[in-house]
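J.: One-letter residues, chain by chain:
There are 2 protein chains.
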Amino acid sequence: MKIKLNDTFKHEFSFTQEDIVKFAEVTGDNNPIHLDPKYAAETMFKVPIMHGMLGASLFSKVFGTLFPGKGTIYLKQSLSFLKPMYVNTSYEAVFTVKELNEEKHRAVVETVIMEKASQAVCTTGEATIMNTDRI
Amino acid sequence: MKIKLNDTFKHEFSFTQEDIVKFAEVTGDNNPIHLDPKYAAETMFKVPIMHGMLGASLFSKVFGTLFPGKGTIYLKQSLSFLKPMYVNTSYEAVFTVKELNEEKHRAVVETVIMEKASQAVCTTGEATIMNTDRI
Chain F
1 MKIKLNDTFK HEFSFTQEDI VKFAEVTGDN NPIHLDPKYA AETMFKVPIM
51 HGMLGASLFS KVFGTLFPGK GTIYLKQSLS FLKPMYVNTS YEAVFTVKEL
101 NEEKHRAVVE TVIMEKASQA VCTTGEATIM NTDRI
Chain C
1 MKIKLNDTFK HEFSFTQEDI VKFAEVTGDN NPIHLDPKYA AETMFKVPIM
51 HGMLGASLFS KVFGTLFPGK GTIYLKQSLS FLKPMYVNTS YEAVFTVKEL
101 NEEKHRAVVE TVIMEKASQA VCTTGEATIM NTDRI
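Protein sequence lines, in the order shown, are assigned to chains F and C. Take the first sequence: its letter number 17 is residue 17 in this note's numbering, and every next letter is one higher. Take the second sequence: its letter number 54 is residue 54 in this note's numbering, and every next letter is one higher.
Here chain F stands alone, though its shape is the one from the complex:
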C-alpha cells in the first residue's frame, strides 16, 4: 500500500537493560551513563539512560519493516534528544508524512518519540526516505 500525505503511523516499544548491554556491545558505545548505575547516580540523570541512537533506531525499524515497509531506503534523519529515555518504559514513536514526491518516490516524515504514560516528547526529528513501490 502506498503512503499518502498526512498519513500517520504509531508504534509502541520499550527496551530492557539487556537490550542496552547488547546495543553497547555491538556499537562499542559503552558510555557508563548507559551501563553503570553507580556512575549514573552521580549525574543529573540519577539512573542509567538509554542510548539516544537506540531510540532513533526505532525510526529505521519502522521505515524498513512497517511504514512504508520493505524496500525503504533511508536518505536523511535529523534528531533532537530532548529528554532522556529509560529502560522498562513504554514509548510511542509517531510518524507523520509531511511531504511527498511520487515522481522521485520520496517522502519527508516527521518522527517523534513520546513517553506513553505522560505523552512527554523525548526525541523529535525529520526523516527523508525513498521507496519505489510504496511512495
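Treat the hints with care, since some could be wrong.
[Unchecked claim] Some chain C residues near chain F, calculated using beta-carbon distances under 10 Å:
hint : residue
1    : Phe9
2    : Asp29
3    : His51
4    : Leu54
5    : Ala56
6    : Ser57
7    : Ile73
8    : Tyr86
9    : Glu115
10   : Ala117
To be clear, the hints were calculated from the coordinates, so they are not data collected in a lab. Model, not experiment: these values are computed from the prediction. Note that beta-carbon positions come from the ideal geometry of N, C-alpha and C, so glycine has one too.
Dock chain C against chain F, hints included.
T.: Chain C in isolation, oriented as in the chain F frame:
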C-alpha cells in the same frame, strides 16, 4: 582534556555480518536489505548493506567514550546517508569541532564517515553535544 575549536578526531571501524544480525535483533530492524543476500541481489545494491543507524551509532560511541569522552550528553544529530556501507570494510569517522560555547559547555561537531580505501563519503552530519568537564 578540553576540546577546542577546529579540533579534529579520527576513528577507524568496521562491522561484520554478525554485528548486523545482532543490531537487527536488538533494534527490531530486520529489513531484508540488511540480512538477506537473495533479497539484496534484486535491489540496486546487489549485496546486503549495513543499517545506516549502525554507522551513525559510531558517532555516539566516539562522543561518549573517546572525543570528548566520559560525561558527554548527546543533544542533536543530523544524518545524511549518501552511500551504502558494507560489512568487512574499513571506514573512518572524522570529527571536526565547528562551534564551541564554553559557558554552556556545548559544541557543534561535524561528523563524517568515509570508506577508508577510497575516501568516498558515506554519511555526513552535524552533532550538538554537551560535556560540563570537557567543553
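J.: Please go over all the hints and tell whether each is borne out by the structure.
T.: Outcome of the hint check:
1. Phe9: Result: violated, 15 Å to nearest chain F Cβ.
2. Asp29: holds (4 Å)
3. His51: Interface hint status for His51 of chain C: holds (6 Å vs cutoff 10 Å).
4. Leu54: Status holds, d = 7 Å.
5. Ala56: With Cβ-Cβ at 6 Å, under 10 Å, it holds.
6. Ser57: Result: holds, 4 Å to nearest chain F Cβ.
7. Ile73: holds (8 Å)
8. Tyr86: Violated. Min distance 15 Å.
9. Glu115: violated (18 Å)
10. Ala117: Violated: closest Cβ of chain F sits about 21 Å from Ala117 of chain C, beyond 10 Å.
Hints 1, 8, 9, 10, counting from the list given before, are not met by this structure.
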